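The task is to assemble the complex, starting from two chains supplied on their own in separate frames and drawing on the hints.
Residue numbers (this note's numbering), protein chains in the order written: chain A, 59 to 304; chain B, 2 to 242.
Hint data in this document are derived by calculation from the structure and do not stem from the laboratory. Hints may be right or wrong, so weigh each one.
What the hints assert, rightly or not - Computed cross-link-like contacts, BS3-like style, restricted to lysine-lysine with a CA-CA straight-line distance of at most 25 Å:
(1) K196(A) to K90(B)
(2) K146(A) to K136(A)
(3) K113(A) to K218(A)
(4) K188(B) to K231(B)
(5) K56(B) to K196(A)
(6) K120(A) to K64(B)
(7) K56(B) to K113(A)
Unchecked claim - Taking CB as the label site, the calculated pair distances span:
(8) S226(B) to A282(A): 20 to 28 Å
(9) K139(A) to T149(B): 52 to 60 Å
(10) M139(B) to K222(A): 48 to 56 Å
These numbers were taken from a predicted model, which means no experiment stands behind them. In this text, a Cβ means the ideal position worked out from N, Cα and C, and glycines have one as well.
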Amino acid sequence: MAPMEVDRADGRTSNQLRPLSCTRNVLHRAHGSARWSQGDTIVLAAVFGPKAGTKKEENPEKASIEVIWKPKTGLIGKVEKEYEMILKRTLQSVCLLTIHPNTTTSVIVQVVGDDGALLPCAINASCAALADAGIPLKYLAVAICCGLTGSRSVILDPTKIEEKKILAFAYLVFPNSPISVLPKGSLTEDSEPIEAGIITSVTHGAMPVVDYFNCLDRGYAACAKISEFLRRSMESQAPSDLTKTT
Amino acid sequence: MNSMPSDSASMSFVDRVVVPGDHVLDLTGMANQTIKLGAGLRQDGDAISVMKAGKLRISKPNKYWVESSHKRYVPCVEDTVLGIVVDSKFDNFLVDIKAPMLGLLPVLAFEGGTRRNIPKFEIGTLLYVRVVKANNTMNPELSCMDETGKAAEFGPLKDGYMFETSTGLARMLLSSPPCPILESLGKSLSYEIAIGLNGRVWVNAASPSTVILVSNAIMNSEFLSAAQQKIMVEKLMKRLQ
Chain A
59 MAPMEVDRAD GRTSNQLRPL SCTRNVLHRA HGSARWSQGD TIVLAAVFGP KAGTKKEENP
119 EKASIEVIWK PKTGLIGKVE KEYEMILKRT LQSVCLLTIH PNTTTSVIVQ VVGDDGALLP
179 CAINASCAAL ADAGIPLKYL AVAICCGLTG SRSVILDPTK IEEKKILAFA YLVFPNSPIS
239 VLPKGSLTED SEPIEAGIIT SVTHGAMPVV DYFNCLDRGY AACAKISEFL RRSMESQAPS
299 DLTKTT
Chain B
2 MNSMPSDSAS MSFVDRVVVP GDHVLDLTGM ANQTIKLGAG LRQDGDAISV MKAGKLRISK
62 PNKYWVESSH KRYVPCVEDT VLGIVVDSKF DNFLVDIKAP MLGLLPVLAF EGGTRRNIPK
122 FEIGTLLYVR VVKANNTMNP ELSCMDETGK AAEFGPLKDG YMFETSTGLA RMLLSSPPCP
182 ILESLGKSLS YEIAIGLNGR VWVNAASPST VILVSNAIMN SEFLSAAQQK IMVEKLMKRL
242 Q
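Here chain B stands alone, though its shape is the one from the complex (with noise of 0.2 Å):
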């Protein structure tokens, strides 16, 4: 019997939902191809493996990833996450970001950081960080910098409520062009949000009704298509006047 050729073949996976243990790319057809794994992917002898439920996804030409929403978060390089600070040493705050590890974030991280004017973070306090080494045997290592130096937002969250969502929901409200529901809540409402790719989202307004009613009309949104999360503004906005 012959073999399927490969690119045929895995096209049409690409974009179905995947289990693990399917196989969906052959490597004996591709000799002298480099090929990116993302997300969800792996090396199993002669064929990509899946090892996480989720649709396929391909980026061209040759990046693969399994697109898949969890409460946990995986840390990637070059991520913004939400983090809480949960002890501190001397050269490193320990975070928690929803990841199978504590990361760590080292005191002189921040812009302008020496020795003498370390930042004292609480037990609890949020901070809008950034992934800089991620592999999954150590420790993430963070930063409150970005890679020229500079502060950029990044550093604690003052005031302000913070909800946890799925990865998914995340990514989603990240997209761009801008999401519906942030775009049409911006139209009428005026807030401050941020939102880590780890499932943590942190909303801020001048009255406590404003940030309850953002935080719970995003936490609604993650299942409803645009024209559904525009109505659903509408709606809101119309039970407020």
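Isolated chain A, as found in the complex (with noise of 0.2 Å):
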């Protein structure tokens, strides 16, 4: 079946995601910062610790996450308790949390624009931020929103106006891509690279099975980019070393 192109509004082909822009510590008090935008999507993410004590709820042989979500107007409901929650379980798989025992890393993420694809942007810009304050982590998550339009083909970073006329939508959050020394494929788990892994799956609508599959190879195809772009964006940011010391 040869693919169909699919006439989107903004000109883009379907397997083209909207410019992207990461900058990093541009909040003054915060511990770590980014703000992180895909076309007019914009998230900006704070994040403050670690900070001794724990939450009476939680595990104190672990770090804490807490995540707070603020939305761009209109009060805090439902629908911002679920972000919260699943950039909560998302960031603590990302996150090393036996390395500060008895503390809380609180992240807060504010939407600045919302124009489509704003769970993936948020999470984006929080492992942005988490890198940017030095928090331990695994590794990166990436995140990216596929849809599925009526004709049954994928959609890659749907505008909010393509995301009312779709059928249904996937937010999947992988593992970056490292370098690595070791030769590829050696570190394997039932015989699948790691990098194949998935964190996050957060489907909205009915989609069959063999579609959502698709989803996901187009997705993880994706995020190979954007890990590329994130990977290019720290090496850019990172301080130039003054004095070479032995």
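The structure is reproduced here in structure tokens:
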């Protein structure tokens, strides 16, 4: 079956992402901060911590992560609570929680602009902010939104208008692609390379299983590109070393 | 497919920016060697992987670490830091050193300290202390004495002005040979400075304008090269005259 090219309102192909931009260390008082934008969806994430003490329900043998989601307008409701829970579970699997037991790291997410794919943008911003704050991480999480149109083709990174017209969409979060001295495929779990694992998948609407796997493949390939972008953005913002001490 | 020789491959990541998740060292080819891991690295099965984003550094023959600059501090033994007293208990002062946990300063950890002459520090006192014990599960232990038991400049810092910076700037200020900004400021002004590896800097001078000038110059010098720092100080001195 030949892939059907979908006409998208802004002229993108079905595999094309909106322009990405990432700036770190934007907030003066926060210990780590990042501003991530995908087209008109802009999210500002701030990280405070680790600070001593955990809440009562949390396990004191591990660090705990607290997420606060602030919408652009309006009061905090069920949608925001759901986003907070998904973000918290995703970040818990990305951070190394046993390094600093009995501490709390707070992540505050502020929505600056919402034009579709809001949760993946927030996950990308939070990960960049955690890396900026120096929280120990296993790997970085890279997130993308894949939508399934009525004609059973997959579009990546839909805008808000496109989100209303499509049948179903999935937010997918993958670990970033690492550079490695190891030979390819040496780190395996059940004969699958670790990098092909998935951290989070949130779906809206109903889609056939075969289309879901199609979304996974496209999303994984696109996340490799976002991962490259994140790495380049970290390299360019690293401070140049002034004195070489041996 | 043959595995790449780990020596030449790991050298290719040294002095490069690495992000969390990168595997920088393969341990399968290094059966009987000891490797020392510093900040930002951890052992992940048969590979060493990165926890924090930064530049990978090596100190031959076998010490690896990731150099990065953050606003929070991870305590290490033998570091000198500036702490602020938060509370005093029966046998410890609780001191905030910008670390995940509060530091504990025993009331007897002063030169000639006995139960009869315990110093009275108010909440908010700035102290120059040394980290004696640091591991991630316990509160770090501090001391106002050096290893031989002498006071050696540790203790409360009176007057002056304290400001916070990143740990990277603090390391640059403490590098030897002395940092260009401190040298050029010292050529024309006289000031007293205490730098904590946790990103706190204290400056004292005879007049408040000198304190302000030195503090602002240091805060602005973080991302400047050596030549740019010297030029900035020359411009500031010209404006003073």
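To see whether the hints hold, each was checked on the structure:
Annotation: proposed proximity of K196(A) to K90(B) is violated, straight-line Cα distance about 38 Å (limit 25 Å). Distance restraint check for K146(A) and K136(A): the Cα-Cα separation of roughly 15 Å lies within the 25 Å cut-off, and the hinted pair is therefore satisfied. Between K113(A) and K218(A) the CA atoms are separated by roughly 37 Å; this puts the pair beyond 25 Å, and the hint is violated. Distance check on the hinted pair: K188(B) and K231(B) sit about 11 Å apart at the alpha-carbon level, within 25 Å; holds.
Between K56(B) and K196(A), the direct Cα distance comes to roughly 17 Å. Compliance with the 25 Å bound is thereby established for this hinted pair. A hinted pair counts as satisfied when its Cα atoms are at most 25 Å apart, and K120(A) with K64(B) does not qualify at roughly 28 Å. Pair hint K56(B) plus K113(A) does not hold up; C-alpha atoms about 35 Å apart against a cutoff of 25 Å. In this structure the supplied range 20 to 28 Å is violated for S226(B) paired with A282(A), their Cβ-Cβ distance being about 35 Å.
A hinted range of 52 to 60 Å holds for the C-beta pair K139(A) and T149(B), which are about 57 Å apart. Here the CB-CB span from M139(B) to K222(A) is close to 54 Å, well matched to the stated 48 to 56 Å.
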